[in-house]
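Enquirer: As a plain string of letters, each chain reads:
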Amino acid sequence: MIPLTTLAVGTRAAIASFSSNNEFTERLQEMGLTRGTEFTLVRKAPFNGPIELSFGSVRLAVRTTQSDSIMVVPVL
Amino acid sequence: MHDSIHPHHITFVGTPNCGKTTLFNALTGLHQKVGNFPGITVEPVIGKIQIQHSTVHLIDLPGIYSFLPKSVDEQLSVDIIHNKISDLPKTEYIVAVLDGSSLEKSLFLFSFIAELGLPTIAVLTMVDEIKARNGILDDITLETILGVPVIPVVGKKGIGLQDLRDSLHQTDKFLVPNTIVQASANIEQRHTAVREIISQVLTIREDKITEKLDSFILHPIGGPVIFLIVLGLFFQSIFTWAEPLMSGIESLFSYTQDYLRSTLPDSLLRDFITDGVIAGVGSVIVFLPQIILLNIIIVFLEDCGYLSRAAFLIDRIMGIFGLQGRSFIPLLGSYACAIPGIMSARIIPSEKDRMATIMIAPLMTCSARLPVYTLLIAACIPSIIVGGIFSLQAIVLAGLYFLAAISGLCIALVFKKTLFRGATLPFLLEFPPYRVPSLPSLLIIVWNRSKEFIKNAGSIILLFSIILWALTEFPKAEIPTGMTSLQAERIQLEQSYAGTIGKTLQPIFQPLGFDWKLTIGVIGSFAAREVFVSVMGQLYSADVSDSDAQLRTILQQTIPFATAISVMLFYVYALQCISTIAIIKKETGSWKWSMIAFAYTFMLAYSTALIGYNLVKLI
Chain Z
105 MIPLTTLAVG
115 TRAAIASFSS
125 NNEFTERLQE
135 MGLTRGTEFT
145 LVRKAPFNGP
155 IELSFGSVRL
165 AVRTTQSDSI
175 MVVPVL
Chain G
8 MHDSIHPHHI
18 TFVGTPNCGK
28 TTLFNALTGL
38 HQKVGNFPGI
48 TVEPVIGKIQ
58 IQHSTVHLID
68 LPGIYSFLPK
78 SVDEQLSVDI
88 IHNKISDLPK
98 TEYIVAVLDG
108 SSLEKSLFLF
118 SFIAELGLPT
128 IAVLTMVDEI
138 KARNGILDDI
148 TLETILGVPV
158 IPVVGKKGIG
168 LQDLRDSLHQ
178 TDKFLVPNTI
188 VQASANIEQR
198 HTAVREIISQ
208 VLTIREDKIT
218 EKLDSFILHP
228 IGGPVIFLIV
238 LGLFFQSIFT
248 WAEPLMSGIE
258 SLFSYTQDYL
268 RSTLPDSLLR
278 DFITDGVIAG
288 VGSVIVFLPQ
298 IILLNIIIVF
308 LEDCGYLSRA
318 AFLIDRIMGI
328 FGLQGRSFIP
338 LLGSYACAIP
348 GIMSARIIPS
358 EKDRMATIMI
368 APLMTCSARL
378 PVYTLLIAAC
388 IPSIIVGGIF
398 SLQAIVLAGL
408 YFLAAISGLC
418 IALVFKKTLF
428 RGATLPFLLE
438 FPPYRVPSLP
448 SLLIIVWNRS
458 KEFIKNAGSI
468 ILLFSIILWA
478 LTEFPKAEIP
488 TGMTSLQAER
498 IQLEQSYAGT
508 IGKTLQPIFQ
518 PLGFDWKLTI
528 GVIGSFAARE
538 VFVSVMGQLY
548 SADVSDSDAQ
558 LRTILQQTIP
568 FATAISVMLF
578 YVYALQCIST
588 IAIIKKETGS
598 WKWSMIAFAY
608 TFMLAYSTAL
618 IGYNLVKLI
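So the protein sequences, as listed, match chains Z and G.
The numbering of the first sequence is the working numbering, which starts it at 105 and goes up by one.
The numbering of the second sequence is the working numbering, which starts it at 8 and goes up by one.
Mixed in with the good hints, there may be bad ones.
To be verified - Pairs of lysine to any residue residues, derived as SDA-like cross-links and limited to a Cα-Cα distance of at most 25 Å, are as follows:
1. K359(G) x G114(Z)
2. K219(G) x N126(Z)
3. K97(G) x N185(G)
4. K148(Z) x D278(G)
5. K148(Z) x F328(G)
6. K55(G) x N90(G)
7. K138(G) x S206(G)
8. K424(G) x N126(Z)
Hints listed in this document are in silico derivations from the structure and should not be mistaken for laboratory results.
Chain Z extracted, bound-state conformation (with noise of 0.2 Å):
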């Protein structure tokens, strides 16, 4: 299990678990970034700026300050 932001860009992972619960979290979870769910790591912004997250249909950009309470299992 490791931090969302140490994933490299182009891994598969599935989420892990959220460290905290408020509505960053939540509002990922509706969107579908639920426990278990399998995303691709796609890109990340020039400048260590935000990365893009795809799964499903969904294509989503968090800023990676946000998101040090997503842990992650990379998938092989």
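Assemble the complex: chain Z is given as a structure, and chain G must be docked to it using the hints.
Expert: Quick look at chain G alone, frame taken from chain Z:
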């Protein structure tokens, strides 16, 4: 058949970007009324359709993901659905708009809608996208599972619209949905249930086109290059395309003024009509080209899917100043004019980020400051070359632009650390698939926004313009015979209320090096910055109608260098624009924010001018 005399109300509910607004616009055309809820970025719209003999009222709500709101906009939608807003009709019938290309999110929302137990019809949008991605959607099975009619449509092309229209006025077509999740299910349970439904009705391939386009548009090097090109075009178009239209409107109004002045008998009423009302109406209409153009570009960029990608690329830099990627567009727009700039801040979903952006938008160097800068720079900054190639005048001008931008961003940071601390809405950018925007729908949105500007901000601007006209026209001065009209204007202005106010307030501006004439110029241009030039022209009896050359020479002889710097620094910050004050009130829903913006910019303007004036005098 619905045969009651009372029109029934149908509420349209859907996720953001689900094609709901395009569908709504295709159904109602221009028969809509935008609901006015202060501080709300995407407003509910009430539309009307007439089918045979019955009228049906349709209500389009801002997009939501669930019934668990995370922003004021979402709160409003949920409150309206739950009948908590008293001046809107009760929710009776629901059209649930399901985005076929993103069915999981849509059905997740539907799981909440189903719990309302209200008669519902489901509309399936983006069916053309499913086909383009070689997908198959079994709408008959979906109908059985959901327990409501499912009508596939392509809003842009009008496919399925007639079916939908027919159903809308037959209330017996609306059915209470089946229970698709157990009572009080949590988010995970809802998604599990929804995924189970999807596995029965939909097979779809990945969206390769969007993926392919993103690999160019969000490319580490190509992405920023495309971004800069788009920004360049954006900036260029509001400056160069709006400019001729604006000067056309200005000359039309000044022609009307001249015509009435020469035909109507000389009277106070005539002056009121020409210089008060017509000038005031003109000062509202003149904003329209920029508002229309900026909105067309922004709605287009938003609908085709580029805006959230651009925000992704610029987010890091805006984040340094406590803002977010989407703040970039309103701030850039404000370089042309703060009015459309502030209006476009609606694209920022987070209320606090939006407020901070609105509050600093007036600091961006709008085009109305340019006449003031060029007049003073030409008059008071020596036209010499420094460092071999740089013109000192150009350096000063660029410096003023740069100073404003940097100060604005730093002040945004201060606002975000104090008044707008934290983010009400978690930062999350969704990338919709690339789509070709529907032109009619785009035009309807732009039409509504322009109408709204005229109605809400326009009336305030008109009122202020008339008040300021009265301040310069009264009390009537005694004009000795034999005076030229330019001299007469000067005497009138000096003896008017505005002149008296300028002279009275002069001691306040004394430390900045302003004499009473400059003080009147600054006070007079409270209405709009560019008025400074004509007020100075009147005060020095200089003709500014052809070129500023005469005025420039006079100013060169009378205004010391330090004072010129001081005046320019004052204009960098001061919010001298009643239209901006009116639009801040309109967009934030409160005069409080207009006043705060005015007060903080004035304090900044005053202190910077004071420091600048004394520094230059020392050197």
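Enquirer: So which of those numbered hints doesn't the model satisfy?
Expert: Per hint list: 1, 2 and 4 violated.
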